[in-house]
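All chains, please: the whole structure from these sequences, using the hints.
Below are the chains, spelled out letter by letter.
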Amino acid sequence: MSAARRALVTGASAGLGRAFAEQLAAGGYAVTGIDRDAPGADAPFDHLRCDLADPGAVDTLVGDLAGRGPFGWIVLNAGISATGPFEAIPPEAYARLLAVNTEAPMVLCAGLAAAGALAPGGRLVFVSSLSHFTGYPGAASYGASKDALAVYAKSVRAPFKKAYGVSVSVACPGPLRTDHAARHAPEGADAAKRMPPDEAARRILAGAQKGRAMITPGAGATIFALISRLAPGPVTSAMKRIIYDKLDRSVF
Amino acid sequence: MAEARRRIVVTGGTSGIGLELVRRLADRHDILVAGRRADTDALPVLPEGVRYVHAPLTDPEAATQAIAEAMLKAGWVKLDNLVLNAGTGFAVEGGIESAAQIRETLAVNLTASVLLARALFPWLEKAGGTLTLVGSVAHTGQGLFPAYAASKAGLHGLARALRAEWSGRVAVQIVHPGPTRTEMHAKAGHDPGRLRDIFIPADRMAAMLEGAIAARRSPVTLSFGRYWTGRAAWSGKL
Chain A
1 MSAARRALVT GASAGLGRAF AEQLAAGGYA VTGIDRDAPG ADAPFDHLRC DLADPGAVDT
61 LVGDLAGRGP FGWIVLNAGI SATGPFEAIP PEAYARLLAV NTEAPMVLCA GLAAAGALAP
121 GGRLVFVSSL SHFTGYPGAA SYGASKDALA VYAKSVRAPF KKAYGVSVSV ACPGPLRTDH
181 AARHAPEGAD AAKRMPPDEA ARRILAGAQK GRAMITPGAG ATIFALISRL APGPVTSAMK
241 RIIYDKLDRS VF
Chain B
1001 MAEARRRIVV TGGTSGIGLE LVRRLADRHD ILVAGRRADT DALPVLPEGV RYVHAPLTDP
1061 EAATQAIAEA MLKAGWVKLD NLVLNAGTGF AVEGGIESAA QIRETLAVNL TASVLLARAL
1121 FPWLEKAGGT LTLVGSVAHT GQGLFPAYAA SKAGLHGLAR ALRAEWSGRV AVQIVHPGPT
1181 RTEMHAKAGH DPGRLRDIFI PADRMAAMLE GAIAARRSPV TLSFGRYWTG RAAWSGKL
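First to last, the sequence lines map onto chains A and B. Okay, so the first sequence: first residue is 1 according to the working numbering, each after it adds one. Okay, so the second sequence: first residue is 1001 according to the working numbering, each after it adds one.
Calculated directly from the structure, the hints in this document are not laboratory data. Beta carbons: idealized from backbone N, C-alpha and C, even for Gly. Don't take each hint at face value.
[As the list claims (entries may be wrong)] In the DSSO-like style, the derived pairs of lysine-lysine whose C-alpha atoms are separated by at most 27 Å in a straight line are:
id, chain 1, residue 1, chain 2, residue 2
1, A, 161, A, 210
2, B, 1237, B, 1126
3, B, 1073, B, 1126
4, A, 240, B, 1073
5, B, 1237, B, 1187
6, B, 1126, A, 246
[Unchecked claim] One side of the interface only, derived from the structure: several residues of chain B facing chain A at Cβ under 7 Å:
id, residue
7, 1094
8, 1095
9, 1096
10, 1099
11, 1102
12, 1104
13, 1111
14, 1114
15, 1146
16, 1149
17, 1153
18, 1160
19, 1162
20, 1165
21, 1168
Here it is as structure tokens:
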């Protein structure tokens, strides 16, 4: 199998990551899916178990993956959230969230690049969040973790293009119709308004294929990003009314 | 503007902008500095009367506990200002930092800030205080030190959300300093060369930072625009 036909997806067992892994597998890629949970017997990809909150496990994973590369596609998608009043969430949950959402993808990215596991001409995608364009009251640490990841992606884009011929993209999807989103949304939020993960994955892969630096999948996300850039203050205030003021529980 | 004595915690207060800020504030306010230096190295550097706690932010949980204990030991039940100024980073080739460099940068700059903001919130709320996060103009992205830029973007996002969440209780602000003449670049393994000559002197940056803290606005960029128009000379006092 040629190097460029190998793919890596983190958080591959469910939600958006599952959609990435299935679509890349359908496109003929031999996919390695990383997840804490098993994907089920019907998954069309290899599963490597890893808890991305554990630095030792991440270091081991980098070594294992280096032997499976080089990868034509790497999608660093795994993420967790913590919603509720900032001061009400236990510090352990914050340490874990920042380890999974920010530290692990950065260590994986740098480690795989240093090990020569990025195939020239390949694509490297970081999954951030639409919250990158606004303040996210009720999920301040989640927002911070995704802002950090988005700017890491922006930072390595030029050096990686130059050094490896790899195109780095950051994707900022809005609310998705996943179990993850349902767990963290306020009571009574309408799941039908959220984008199906298959559609988001398709749009993100297409954008990354085109070499886009920033991908906001769907017209809704694109418009939200634009308005947030024009009026960051009012959008954050609106986010507070729509999300923070309606939070009926803390989830972490 | 300067009225009552304020109780202020400054992280990274033993060198650079943090130390200059402490020097400006020390005779008017009660200050607790947190740093990674041992007491014997830190205390001679600090102005008289300033309290010091050895709390390396490379271990965010332990540092948070040490700082909270130091506040209790000092008998502080309220905190007027928490200035999360400590920062670290590594300049690298080709955008690749080692795992250890990434982890240290994120721990000191981002995770410690999240944990300290959370732990010290009750103190800040009692005083109607201000949380100041010191970011960087690099927060929009920088290929020379990607993890540093990322960590500062994280602080920017944290400030944006917390400012809305804590509105009316605790003021939250992010302040982004531009290039400053400190030891930071040498520590990071980066030689700015002759460019360093135009960097803003640390004491002038501290003056602008003090003014920004007093004004409680967010986000604020403290760079050449302000410096060259003389803002360091007439920034407000805390």
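ask   = Does residue 1102 (chain B) meet its interface restraint, that is, does its C-beta lie within less than 7 Å of any C-beta in chain A?
value = holds (5 Å)
inquiry  = Restraint: residue 1111 (chain B) near chain A, CB-CB cut 7 Å. Satisfied or not?
reply    = With a closest approach of 5 Å, the residue 1111 (chain B) hint holds.
request  = With a cut-off of 27 Å on the C-alpha distance, tell me whether residue 1126 (chain B) and residue 246 (chain A) pass.
outcome  = holds (25 Å)
request  = Tell me if residue 1096 (chain B) is really an interface residue toward chain A, meaning its C-beta lies closer than 7 Å to one of theirs.
outcome  = holds (5 Å)
ask   = Given residue 1146 (chain B) as an interface hint, is the shortest Cβ-Cβ distance to chain A below 7 Å?
value = holds (4 Å)
message = Holds or violated: the hint that residue 1165 (chain B) contacts chain A, with Cβ atoms closer than 7 Å.
response = holds (4 Å)
query = Does residue 1153 (chain B) meet its interface restraint, that is, does its C-beta lie within less than 7 Å of any C-beta in chain A?
reply = Check passed: Cβ of residue 1153 (chain B) comes within 3 Å of chain A, closer than 7 Å.
request  = Identify whether the interface hint at residue 1095 (chain B) stands, where standing means a beta carbon of chain A within less than 7 Å of its own.
outcome  = Where the cut-off is 7 Å and the nearest Cβ of chain A is about 3 Å from residue 1095 (chain B), the hint holds.
key: Interface hint status, residue 1094 (chain B) versus chain A (Cβ within 7 Å)   = holds (5 Å)
message = Under 7 Å is the threshold here; is the Cβ of residue 1162 (chain B) close enough to any Cβ of chain A for the hint to stand?
response = Result: holds, 5 Å to nearest chain A Cβ.
ask   = Has the given pair, residue 1073 (chain B) with residue 1126 (chain B), been kept, meaning a C-alpha gap of at most 27 Å?
value = With Cα atoms ~18 Å apart, residue 1073 (chain B) and residue 1126 (chain B) stay inside 27 Å; holds.
message = Need the status of pair residue 1237 (chain B), residue 1187 (chain B): alpha-carbon distance at most 27 Å?
response = Distance of about 30 Å is beyond 27 Å: violated.
When each numbered hint is compared with the structure, violations occur for hints 4, 5, 12, 21.
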